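Here's the letter readout for the chains.
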Amino acid sequence: MATPNDRRIVYGAHVIPQIAYNTTSTEVTREEGSTAGRASYEDWKLDTTVAKRFGGKSTGDHVQITHDQSMDGWVSFLSPIDQQWEAVDNVWNLDSTIWNHEGLGVTDTLSVIRSGSDGIKFLYIKNLGTVQCELALEGDERDILIPGGAAVSMRTNSSSVTSATVKVATAASSSTTTTIEYVIAK
Amino acid sequence: MAVGDKRILYKNHCVPQEQVGSGDRYYLDSDCGRKLTGSYLYDLDGAGTTATSTITSSGAIGTTLDFIAVTAASISSGTVMISLDNGTTSIIELKEGECFASKIASGAQPYVTISGTASVDYMSGT
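If you read the protein sequences in the order shown, they are chains A and B.
If you want the working numbering, it's the position in the first sequence, counting the first as 1, plus 55.
If you want the working numbering, it's the position in the second sequence, counting the first as 1, plus 247.
Only chain A is shown next, with the shape it has when bound in the complex:
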């Protein structure tokens, strides 16, 4: 397939710190003894310590990545056009084909996601399982944690983060596994 004229990634993050509080009761007792309004109950509101929401989004050129990623493995998805036509026996006009969410299995041993040693400009990882995933971007220090359902997205420093340094695992020696989806772009 032809290499696109341009490739970029729009990304963002949003954080809402919350604290539990008692709402103000609006309950009143009427002349006949029945009540109206709502008694106090516990609810969540914006954390008064932090006192603001956090968040941000890329703008302008967003994250410019290399137009030719050289391999399909820079994302964990399998495009329908990536399938080997000669290996498929389906009747195509009767077959509905979509992008598959292949995912990547993760064990308790640190392993690289993308082969090679290219500098990485952008990284997105979502944990599809329930066991927490750990991410190391330099050395074997599992500094970034990704609980089940969570994701991380970041503009990585391609001078220090390379294909060879991005590693994932579950907790060391836990004998647990999970599955991730990812975008790892040079």
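Please note that a few of the clues may not be correct.
[To be verified] Calculated lysine to aspartate or glutamate pairs in the EDC-like style (CA-CA distance at most 20 Å, straight line):
1. Lys176/A / Glu265/B
2. Lys222/A / Asp195/A
3. Lys241/A / Asp61/A
4. Lys222/A / Glu236/A
5. Lys282/B / Asp163/A
6. Lys107/A / Glu343/B
7. Lys100/A / Asp292/B
8. Lys241/A / Asp163/A
9. Lys112/A / Glu265/B
10. Lys176/A / Asp123/A
11. Lys107/A / Asp290/B
12. Lys176/A / Glu343/B
13. Lys282/B / Asp61/A
14. Lys222/A / Asp173/A
15. Lys107/A / Glu265/B
16. Lys222/A / Asp163/A
17. Lys107/A / Asp368/B
18. Lys112/A / Glu343/B
19. Lys112/A / Asp368/B
20. Lys100/A / Asp252/B
21. Lys100/A / Asp290/B
22. Lys222/A / Asp290/B
Please keep in mind that the hints were generated in silico from the structure rather than gathered at the bench.
Keep in mind it's a predicted model, so treat the numbers as computed, not measured.
With the hints as your guide, set chain B onto chain A.
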């Protein structure tokens, strides 16, 4: 829950895009095929959050933290980098308006390096 309990809801998302020809519009990248997002509701086990802080020069965010959110509020010149080893190796870059938010290992040592003129907001959870 009890009054005073704290939790942090955070979401990260991205949209890979490709442009077929010069001047054309951008479409979802055909290698990926969709928008990507993940969210998590992190209950802080009886611990707390820090008040929002703003820094304009390089410095540590804190120690023994379990969650950080860092936003490059403004960048007039230079770069804003984040490391998780007390400034030795910068691994994440923030352009103006971008935010990094994630759970981190309590042994990580988040540090923001500002080279130039910038203002960075951050909060943390323990």
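**OP:** Against the structure, test the hints numbered earlier, and report the numbers of the ones violated in rising order.
**Re:** 5, 8, 15 and 22
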